[in-house]
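Input sequences plus hints: build the corresponding full structure.
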Amino acid sequence: MGNVLSRLNLNDDKQEAEDVSADGRTIFLTFSKGYPIFEIEVREFFSRKFGDLIDGVFMQEVPAEKQSLYAHLVVPFTSSIPIVLEGKNKAKFFINGKHVWARKYVLKSKSPGEPSSLATSIYVIGFGFKSLSLCKNEVE
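Quick note on the UniProt record's numbering: the sequence shown kicks off at 1 and runs consecutively.
You may find that some hints are simply not true.
Lysine to any residue pairs mimicking SDA-like chemistry, simulated, CA-CA at most 20 Å apart [to be verified]:
(1) K104 / F45
(2) K104 / V20
(3) K92 / I40
(4) K98 / E65
(5) K90 / F77
(6) K88 / L107
(7) K92 / V57
(8) K49 / R103
(9) K33 / A91
(10) K108 / I81
(11) K49 / K92
(12) K92 / K104
(13) K98 / G34
(14) K104 / S21
(15) K98 / Y35
(16) K104 / T30
(17) K108 / E61
(18) K104 / L69
(19) K92 / Y35
(20) K108 / Y70
(21) K92 / E44
(22) K98 / V57
(23) K104 / Q60
(24) K92 / E41
(25) K66 / H99
(26) K88 / T30
(27) K66 / S32
Computed spacing ranges between beta-carbons, pair by pair [to be verified]:
(28) D19 / K66: 34 to 40 Å
(29) A64 / L107: 26 to 32 Å
(30) K108 / S47: 27 to 33 Å
(31) V106 / D19: 17 to 23 Å
(32) P63 / L85: 29 to 35 Å
(33) N96 / G51: 15 to 21 Å
(34) H99 / D55: 20 to 26 Å
(35) K104 / R43: 17 to 23 Å
Derived by calculation from the structure, the hints in this document are not laboratory data. Bear in mind that the values here come from a model prediction, so they are computed numbers and not experimental data. All residues carry an ideal CB built from backbone N, CA and C; glycine is no exception.
If you want it as structure tokens, here you go:
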């Protein structure tokens, strides 16, 4: 009986991942200026802390001499977000001694005709394009 219930829960989770856009499953991470953090550090930290939780990490695109100040962490299920945020609106983490703030991603309203944020970016990546254009004005 327990096995059947766990399979039902697994199927519910798979359905949720299929039905909810990437924007709805995204955690917005911000980093401190002067303390650069890299995608591999973000991936390793969240994998160690929460296990197999990452669908994608999308760092702010910047020139090589600059540092990313934010990233999008896409999780497989919306139910993963409160776990990562420890039931709060914001959570603070230390990744290799560097401060990282996390909160649920909120899609900013766009001008008509402008592409839809993260979901479009992931779609483009799926077709092998290297360029990733994320929302420009998300840093608070």
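- Could you work out which earlier hints the structure fails to respect and list their numbers in ascending sequence? none
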